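One letter stands for each residue in the lines below.
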Amino acid sequence: MSIETISLSGRKKEVSNKKMSFLESLYLVAIVKGLFITIKHLFTRKVTIKYPEQVRPMSPVYRGQHMLMRDEEGRERCTACGLCALSCPAEAITMKAEERKPDEKHLYREEKYASIYEINMLRCIFCGLCEEACPKQAIYLTTSKKIVKANYERDEFIYGKDKLVMPLEQALNNTKLKTAN
Amino acid sequence: MDSTIIIEKGVFIVIIFAITMLMAMYSTLAERKIAAWLQDRIGPNRAGKGGILQPLADGLKLFSKEEFLPDTPNKFLFVVGPAISMSVALMTSAVIPWGDKLHLFGRDIVLQATDIDVAILYVFGVLSVGVYGIMIGGWASNNKFSLMSAMRAASQMISYEIAMGLSIIALLMMEGTLSLREISANQSGMHWNVFYQPIGFIIFLVCSFAETNRTPFDLAECEAELIGGYHTEYSSMRMGFYLFAEYASMFISSTILSVLYFGGYNYPGMEWATQNWGVNPANIIGIVVLFIKICFFIFFFMWVRWTIPRFRYDQLMRLGWKILIPLAIANILVTAVVMLLLQ
Ligand code: SF4
Ligand code: SF4
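Which chain is which? The protein sequence lines are A and B, in order. According to the working numbering, the first sequence is numbered sequentially starting from 1. According to the working numbering, the second sequence is numbered sequentially starting from 1.
These are computed hints drawn from the structure, not numbers from a lab. If you're wondering where the values come from, they're calculated on a predicted model, not measured in any experiment. Take the hints with a grain of salt, since some may be wrong.
Unchecked claim - Calculated lysine-lysine pairs in the DSBU-like style (CA-CA distance at most 35 angstroms, straight line): (1) K322(B) - K18(A); (2) K61(B) - K50(A); (3) K146(A) - K105(A); (4) K145(A) - K178(A); (5) K96(A) - K136(A); (6) K49(B) - K146(A); (7) K65(B) - K75(B); (8) K40(A) - K322(B); (9) K40(A) - K18(A); (10) K50(A) - K49(B); (11) K46(A) - K12(A); (12) K61(B) - K144(B); (13) K61(B) - K149(A); (14) K49(B) - K145(A); (15) K33(A) - K33(B); (16) K161(A) - K145(A); (17) K65(B) - K149(A); (18) K13(A) - K322(B); (19) K33(B) - K149(A); (20) K322(B) - K33(A); (21) K61(B) - K46(A); (22) K61(B) - K40(A); (23) K322(B) - K19(A); (24) K149(A) - K96(A); (25) K61(B) - K49(B); (26) K178(A) - K96(A); (27) K145(A) - K101(A); (28) K40(A) - K33(B); (29) K149(A) - K136(A); (30) K50(A) - K65(B); (31) K178(A) - K101(A); (32) K136(A) - K105(A); (33) K65(B) - K33(B); (34) K46(A) - K65(B).
Chain A with its partners taken away, still in its complex shape (with noise of 0.2 angstroms):
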């Protein structure tokens, strides 16, 4: 056997170039086998996804909009110190830090937490790397699952706690399941 023969996956196919015969040269037969694939096509099921009104299921790890967790009680986990922001190679996070007053301690879980905490999308490349930093485990992009929707002004873009933050039901409901376990 010549190697221009051998076929390792047994898929292979000669290619011929022989002249072809005048009812070949008609292309006729050709086209009603075509027209035959893609009539079958009409009457197969659509792919097509309807987004705004279906979405697709996320994959468990996929990174999608940042939320800030709270804790079983419902308190924000995040104490300010920074360390989202120093890793992030887009400097996509600002954050101020803030003292707890004495009756703030059913919200914050540290001593200290961030009063404005902002992630600029439009620079974050969601890469993860806050999520990896942060000591306290407190924000992650995977528990959202929502992409970050598209707008027409850029400032809309700056997502501040009153989108990061996690529902306070959502973090009761946690609660309730783990305790159900």
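Once you've looked at the hints, dock chain B with the ligands against the given chain A.
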């Protein structure tokens, strides 16, 4: 000639015009939908229910675009080009028999704008003027790609017009008339010409694709080589006219195909319907049947477009000159011999 006939024809022409426009408009939607379906997608579905308002949105968009005039010495021709394309595409519908006749207001209304006895010659004449729209537009654009595309379109149309004309001769020999009304009437009772002239039909079909510049013969709009083809320099509604003209002429081509080869408004059981239900219902069904046939052919045009790729230019010319024309001549000879033998 009394004045009622003028009113009658006037109303009729307006209706036909509106229908042609409507069909052309919705062909654009159908094209996108069918393209999507054949590719396992669902197509435009945001404007209106299931995308039903998409053509309006497209038209509105085209209207609101900037009307750009390139730096060309032929400003007049630049404007005339799309106008010719559009008017030619609409003119052909004048001789199409849309139905037999209706009995309304105590008089017979013939469902045809005008029954001239050289209807086929008229159709061919008007269709071949269509190439001027493209030629003039491409020439006046002052752009080498447009010009090249216009040349391609012109040579393609001229080549395929010959085969088209020859294929129709065999049909005319059988029919013995050039009037589309008589040809339609001759095909009553399932004597559709496609059964007697299958080869002629296929040649005519292929040539209609070439004449309307549809894939696989849309070399004039070959994006890979010619940017957008002859309408590269056009924008706004002038561009819209070119696109619209393509769909209008597709509608007309489908109509001519149905009338010449698929029995026009005839359907099986038409005589029975006329006797039992009267003239009007039978003929209204006839109109509906004609439109079903037309829609089928429009669908076919699109189906083919999304099935096969564009021909290479040499393949196109070889198919036209070396295959279709000899085949058409052979078809004439065979038809003639068979007709003589049957006499
Ligand atoms: S995901 Fe990466 S880029 Fe985005 S904020 Fe976190 S560290 Fe910065
Ligand atoms: S999110 Fe984590 S790393 Fe960032 S400031 Fe808060 S506690 Fe520190």
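Consistency of the hints with the structure:
{"no.": "1", "hint": "K322(B) - K18(A)", "in the structure": "holds (19 angstroms)"}
{"no.": "2", "hint": "K61(B) - K50(A)", "in the structure": "holds (23 angstroms)"}
{"no.": "3", "hint": "K146(A) - K105(A)", "in the structure": "holds (30 angstroms)"}
{"no.": "4", "hint": "K145(A) - K178(A)", "in the structure": "holds (20 angstroms)"}
{"no.": "5", "hint": "K96(A) - K136(A)", "in the structure": "holds (17 angstroms)"}
{"no.": "6", "hint": "K49(B) - K146(A)", "in the structure": "holds (28 angstroms)"}
{"no.": "7", "hint": "K65(B) - K75(B)", "in the structure": "holds (19 angstroms)"}
{"no.": "8", "hint": "K40(A) - K322(B)", "in the structure": "holds (33 angstroms)"}
{"no.": "9", "hint": "K40(A) - K18(A)", "in the structure": "holds (30 angstroms)"}
{"no.": "10", "hint": "K50(A) - K49(B)", "in the structure": "holds (14 angstroms)"}
{"no.": "11", "hint": "K46(A) - K12(A)", "in the structure": "holds (32 angstroms)"}
{"no.": "12", "hint": "K61(B) - K144(B)", "in the structure": "holds (28 angstroms)"}
{"no.": "13", "hint": "K61(B) - K149(A)", "in the structure": "holds (26 angstroms)"}
{"no.": "14", "hint": "K49(B) - K145(A)", "in the structure": "holds (30 angstroms)"}
{"no.": "15", "hint": "K33(A) - K33(B)", "in the structure": "holds (22 angstroms)"}
{"no.": "16", "hint": "K161(A) - K145(A)", "in the structure": "holds (17 angstroms)"}
{"no.": "17", "hint": "K65(B) - K149(A)", "in the structure": "holds (28 angstroms)"}
{"no.": "18", "hint": "K13(A) - K322(B)", "in the structure": "holds (31 angstroms)"}
{"no.": "19", "hint": "K33(B) - K149(A)", "in the structure": "holds (28 angstroms)"}
{"no.": "20", "hint": "K322(B) - K33(A)", "in the structure": "holds (23 angstroms)"}
{"no.": "21", "hint": "K61(B) - K46(A)", "in the structure": "holds (28 angstroms)"}
{"no.": "22", "hint": "K61(B) - K40(A)", "in the structure": "holds (34 angstroms)"}
{"no.": "23", "hint": "K322(B) - K19(A)", "in the structure": "holds (16 angstroms)"}
{"no.": "24", "hint": "K149(A) - K96(A)", "in the structure": "holds (25 angstroms)"}
{"no.": "25", "hint": "K61(B) - K49(B)", "in the structure": "holds (19 angstroms)"}
{"no.": "26", "hint": "K178(A) - K96(A)", "in the structure": "holds (32 angstroms)"}
{"no.": "27", "hint": "K145(A) - K101(A)", "in the structure": "holds (33 angstroms)"}
{"no.": "28", "hint": "K40(A) - K33(B)", "in the structure": "holds (15 angstroms)"}
{"no.": "29", "hint": "K149(A) - K136(A)", "in the structure": "holds (27 angstroms)"}
{"no.": "30", "hint": "K50(A) - K65(B)", "in the structure": "holds (29 angstroms)"}
{"no.": "31", "hint": "K178(A) - K101(A)", "in the structure": "holds (29 angstroms)"}
{"no.": "32", "hint": "K136(A) - K105(A)", "in the structure": "holds (17 angstroms)"}
{"no.": "33", "hint": "K65(B) - K33(B)", "in the structure": "holds (24 angstroms)"}
{"no.": "34", "hint": "K46(A) - K65(B)", "in the structure": "holds (33 angstroms)"}
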